[in-house]
Amino acid sequence: MRRRSLLMGLGLLSLTGPRLLHAQEAETLELLVGTGDPGLSPAGSVPEDPLADSHALPRIVPAPPGSLPGEIHVYPDDFVLYWTISDGLALRYDVGIGRAGLYEAGEFTVGAKKEWPSWTPTPEMIAREPERYARWADGMPGGPDNPLGARALYLFTPERGDTMLRIHGTNAPETIGTAVSNGCVRLVNEDIIDLYERVPLHARVVLHPKGVSSDPGSGEETGDAMAASAPFPPAEVLPFPAQSALPPRAVPGACGTGALGVRDGRPLLIGRAETAPHDPRGMR
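Residues -23 to -1, 1 to 261 in mature numbering (1 follows the signal peptide of the UniProt record, and there is no 0) are what the sequence shown spells out, letter by letter.
Honestly, the hints are just simulated from the structure, not real lab data. Please read all numbers here as calculations on a predicted model, not as lab measurements. Yeah, the Cβ is synthetic: ideal placement off N, Cα and C, and Gly gets one too. Careful, some of the hints might be misleading.
[To be verified] What follows is a list of derived Cβ distance ranges for each label pair:
id: 1; residue 1: D115; residue 2: S190; range: 39 to 45 Å
id: 2; residue 1: E136; residue 2: G78; range: 31 to 37 Å
id: 3; residue 1: R36; residue 2: E101; range: 32 to 38 Å
id: 4; residue 1: R76; residue 2: P121; range: 32 to 38 Å
id: 5; residue 1: D115; residue 2: L45; range: 39 to 45 Å
id: 6; residue 1: E101; residue 2: D192; range: 30 to 36 Å
id: 7; residue 1: S190; residue 2: G78; range: 18 to 24 Å
Model the full structure from these sequences, guided by the hints.
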């Protein structure tokens, strides 16, 4: 079982008490963590990542201001990437970004997608750090030791074609939340696999400039997957006993903004929304 599925499943059971997981709750987990097993590839399976649990799980949060469904938005100051879905919501992932002077803001499209991509350092990279990159001038095959990790999205523009910028996995998960790359955006391998399956070719990608915040409101996230843009006023916090086992309840439009106003401390079922846009998966 994948790390996210396991943790989300345990979190749901801890709220509702020991019982079987019903089909609607399984859809809840599917929405949050995606479906499918990354399985094996010619390069092998995804290696166990001892640091993966140190990073926040992808969460459903309010989408960045002005974004539309089906877009990627990266905010370098916050080290976060958003994949926008519907009803003003998005999935948020932790990322690493380009080091000082190498991060490139702009608007791009996903021009190609590759599993276990090969990697070749650019001439500029070899010139900057020949002792590190010169031996790979002819390229490194894909695999667990490749710096691009398990998946890569290739960023293109109409004027330049392939920009050499990538959104990719990593063989160094400890670098998530830091600015150390040569310009690309990196995620832990489990997260890039999840994102890769959601993002179609030609999706819009915005790498926002530094100094722009991703916070659409002034509030902090709660522990719920459905985060609100303002904190709970103290008077609205309900003191449920620690041993209470309140069943989750379905809320009409729970995948939309209507769920954000429900604040009674009880878990919500947020199964698939009928109005969610079609999200092609598995495109290569």
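Exercise. Of the numbered hints stated previously, which ones are contradicted by the structure, given in increasing order?
Worked result: Numbers 2, 4 - these are the hints that the structure violates, sorted from lowest upward.
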